[in-house]
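Model the full assembly from the supplied sequences, consistent with the hints where possible.
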Amino acid sequence: MNTPIISFEKVNKWYGNDFHVLRDIDLSVAKGERIVICGPSGSGKSTLIRCINRLEEHQQGRLVVDGIELSDDVKAIDTVRKQVGMVFQQFNLFPHLTVLENLTLSPMWVGKLPKKEAEERAMAQLERVRIAEQAAKYPLQLSGGQQQRVAIARALCLTPKIMLFDEPTSALDPEMIKEVLDVMIELANQGITMLCVTHEMGFAKAVADRVIFMDQGQIVEQNTPDQFFNHPQTDRAQDFLSKILGH
Amino acid sequence: MAARVFQSIAARPAPVRTGGLMGWLRGNLFADVRTTVSTLIIGGLLLWYLPQLFNWAVWTAYWLPDAQACHPVEVGACWGVVAEKYRLIIFGRYPFEEQWRPLVATVLMMTLLVVSCVRLFWKPWLAGLWVLGLGLFFWLMLGGMGLSRVETDRWGGLPLTLLLATLSIAMAFPLALLVALGRRSELPAIRTLCTLYVELIRGVPLISVLFMASFMFPLFMPQGTKIDVLIRVLAGITLFAAAYMAEVIRGGLQAIPKGQVEAAASLGLSYWQTQRKIVLPQALAMVVPGIMNNFIAIFKDTSLVTIVSLYELTGALGLALNSDADWRPYKIEGYVFIALIYFAFCFAMSRYSLWVEREVNKGRQR
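Sequence order for the protein chains is R and L.
Under this note's numbering, the first residue of the first sequence is numbered 1, with each subsequent residue one higher.
Under this note's numbering, the first residue of the second sequence is numbered 1001, with each subsequent residue one higher.
Calculated directly from the structure, the hints in this document are not laboratory data.
None of these values were measured; they are calculated from a predicted model.
Hints may be right or wrong, so weigh each one.
Below, computed lysine-lysine pairings styled on BS3-like, alpha-carbon distance capped at 27 Å [said to hold, decoys possible]:
{"hint": "1", "chain 1": "R", "residue 1": "LYS161", "chain 2": "R", "residue 2": "LYS115"}
{"hint": "2", "chain 1": "R", "residue 1": "LYS178", "chain 2": "R", "residue 2": "LYS205"}
{"hint": "3", "chain 1": "L", "residue 1": "LYS1258", "chain 2": "R", "residue 2": "LYS137"}
{"hint": "4", "chain 1": "R", "residue 1": "LYS82", "chain 2": "R", "residue 2": "LYS31"}
{"hint": "5", "chain 1": "L", "residue 1": "LYS1226", "chain 2": "R", "residue 2": "LYS115"}
{"hint": "6", "chain 1": "L", "residue 1": "LYS1258", "chain 2": "R", "residue 2": "LYS112"}
{"hint": "7", "chain 1": "R", "residue 1": "LYS161", "chain 2": "R", "residue 2": "LYS10"}
{"hint": "8", "chain 1": "R", "residue 1": "LYS116", "chain 2": "R", "residue 2": "LYS137"}
{"hint": "9", "chain 1": "L", "residue 1": "LYS1331", "chain 2": "R", "residue 2": "LYS82"}
{"hint": "10", "chain 1": "R", "residue 1": "LYS31", "chain 2": "R", "residue 2": "LYS161"}
{"hint": "11", "chain 1": "R", "residue 1": "LYS137", "chain 2": "L", "residue 2": "LYS1226"}
{"hint": "12", "chain 1": "R", "residue 1": "LYS116", "chain 2": "L", "residue 2": "LYS1362"}
{"hint": "13", "chain 1": "R", "residue 1": "LYS82", "chain 2": "R", "residue 2": "LYS161"}
{"hint": "14", "chain 1": "R", "residue 1": "LYS137", "chain 2": "R", "residue 2": "LYS75"}
{"hint": "15", "chain 1": "R", "residue 1": "LYS115", "chain 2": "L", "residue 2": "LYS1300"}
{"hint": "16", "chain 1": "L", "residue 1": "LYS1258", "chain 2": "L", "residue 2": "LYS1300"}
{"hint": "17", "chain 1": "R", "residue 1": "LYS137", "chain 2": "L", "residue 2": "LYS1331"}
{"hint": "18", "chain 1": "L", "residue 1": "LYS1258", "chain 2": "R", "residue 2": "LYS161"}
{"hint": "19", "chain 1": "L", "residue 1": "LYS1258", "chain 2": "R", "residue 2": "LYS75"}
{"hint": "20", "chain 1": "R", "residue 1": "LYS115", "chain 2": "R", "residue 2": "LYS75"}
{"hint": "21", "chain 1": "L", "residue 1": "LYS1123", "chain 2": "R", "residue 2": "LYS116"}
{"hint": "22", "chain 1": "R", "residue 1": "LYS10", "chain 2": "R", "residue 2": "LYS82"}
{"hint": "23", "chain 1": "R", "residue 1": "LYS115", "chain 2": "R", "residue 2": "LYS137"}
{"hint": "24", "chain 1": "R", "residue 1": "LYS112", "chain 2": "L", "residue 2": "LYS1300"}
{"hint": "25", "chain 1": "R", "residue 1": "LYS10", "chain 2": "R", "residue 2": "LYS115"}
{"hint": "26", "chain 1": "R", "residue 1": "LYS205", "chain 2": "R", "residue 2": "LYS31"}
{"hint": "27", "chain 1": "L", "residue 1": "LYS1123", "chain 2": "L", "residue 2": "LYS1258"}
If the Cβ cut is set under 10 Å, some of the chain R residues that face chain L in the computed set are [said to hold, decoys possible]:
{"hint": "28", "residue": "TRP14"}
{"hint": "29", "residue": "ASN53"}
{"hint": "30", "residue": "ARG54"}
{"hint": "31", "residue": "ALA76"}
{"hint": "32", "residue": "ASP78"}
{"hint": "33", "residue": "PHE88"}
{"hint": "34", "residue": "GLN89"}
{"hint": "35", "residue": "LYS161"}
{"hint": "36", "residue": "LEU164"}
Now the stretches of chain L that chain R is said to cover, found in silico as 3 or more residues with beta-carbon under 8 Å [unchecked claim]:
{"hint": "37", "region": "1038-1045"}
{"hint": "38", "region": "1128-1141"}
{"hint": "39", "region": "1265-1276"}
We put the CB at the ideal spot given by N, CA and C, even for glycine.
Below you can see the structure in the form of C-alpha cells.
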C-alpha cells in the first residue's frame, strides 16, 4: 500500500482538563479514499476531522497530512490548509461578500492568483455545483441548499487534495438535502480524498469505501458500508444503528 | 387514481394602508385614553411655549448690529450680535487682516471632507489628496513661504474645531481598531496592555486629559524640548476618543460568529487577512451607529480645549463677547448661532452614517 495521505498515530486530545475527546486515535487514510464517520453526538467525530486542518490542536500523538506533520509550526499549518478543503454544518459563508467574492477570496489572497484567473476558477467550480447563475448574489439571498453548494465550491477553489465535510446536511431542510448530497456524490466519483461526518446512511452506502464508527472519543469499529450496516461487530454499533434506522 | 393537480394561488400585493390624515391621527395620536391624554398635554405645552419662542426669536427680535437699540425690555432676540461679531466667533484670535487665510483653509477642509464621503472617490489617490490638502491647510494657517507667520496659539474658531475634530477622528479610528483587536489577542501581554489603556483613559474626564497634555506633560520633558500645544491637545483627544471607540468596535468583534474565523482559517487566510477581509468589515458594519456616536462626540468635545487656551468655536464666542461690555448681554443669541453651526455638522454626520449603514449592510438585504 502507498503511503497514506492522512495518518493519525495514537492521537489524543482533551477539552479543558477532564474532557478526553479523542482517545488513542489510530487511523490512516489512503489517497482517494472516501470515508464516512458516524457516531452519537459528543463522540469526537467533528473534532477528529477538525484536527486534520488544525482548527483543533491535538495534544499527544502524531498527525501527518500529505507528508507534513502538524505541530505548532505555522508554515506547516498553512501548507496543510492549502491542501485541505472544509465544508461546515452552518455553511459559514461570508455574508458581506457576494458568492463570487466568497470563492475568489482565498485564491487571490492566499494563492496570489490574478483576479481574472481566480474568477474563472470560481465560475468553473460554481458550474460544477450547478449554481453559476447565483454568482452575483449575497449568500443570505440563497436557500440553505444553495448556500451549502456554494460552500463546497468555495472549498474546491483551493484545488485541495482532501475534502472534509462536517455534517454538511444537518442544518438543511429535508427538501434540500438531496441537492447537496448529489453534488457530494459527484465529487466522490471524481477521485478526491473525502472524510465526511454524516448520518446520511444512503450517502455512505453509495460512495464510502469505509465507514468509521466512533463513540466516546474512540474509533469503535471500521468496515465497508455493507459490512457495517448489515453486520455491525460491536454491541455499541448495533445499538446506534438500531436507533438511527429504527423507524 | 390520478393525483390531483396542485393549483397555487397567485401572489397578490399587500393591502394598501388606508385612512389618510385622519386615520394617521387616530392611529398615532388618539388611539386610546393614554395616548390622547399625552397628546393633549404635549400639544398644550407646545402651544404655550412655541409662540413665546417665535415672539422672542423673530417677532420682537432686532436684526441690526446696534447694541443700544436692543436695550429696551420689549425687544426680543438681538441678532445684530452675530453680524457684529461673526468674524471673531468664526476665526477667533487669528489676525484680522489675515482672516482670508483661515477662510480658505476652512473651505478647503470642508471640501476635502465632502469629497471623502462620496463613494466614487474612494480611491488610493484620495489619501494623496488629503496629504496635499492638509499641507495646504497648515501652510495657510501657519504661514511661511510668502505668508506672514501665525503661531498656533492664535488659531481659533471654526477652522480649529474642524482641524481638531478631523485629525483626532482620523487618528483615533485606526488606534481604536488596534486596541479592540489587542483586547481579544491571544497574547496576554498585548491583552493586558490594551485593557489597561482603555480602563485608565475611561476612568478620567477629557478635561483632565487635556490638562495633563497641556500643563503636566511638559514638566516631564527634558528642558528645551517644546511640543506645540496643538499637537499635545490633539494627542490628548485622540487617546481619549480611541479608548471609547475601541470598546464600541470590540462589541462588534464579539458579535462575529466563530464559524467565520474558522472558515477563513480553513481557507488558509492568515490572522491579519482574516481580520481585514472577514472580521472587521462585518464587525464595523454592525457598529456604524456607535462609531458615528463617537465621531459626533469628538466633534463636540473639541469645545473643551478652551480650558487650555485654544479658542475654537465655543471658546472664540466667549472671547468675542466677554471682551465687549456692549454686547456681553447677548450671549444667548451668540450661543444659538454656534449651536446652529454645531448642529449642521452633527446632523450631516448623522445622516451620512445612515447612508453608510445601508451601504455596508447590502449583503443582509433580501
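Structure versus earlier hints, numbers of those that do not hold, lowest first:
5, 9, 11, 14, 15, 16, 17, 24, 25, 27, 28, 31, 35, 37 and 38
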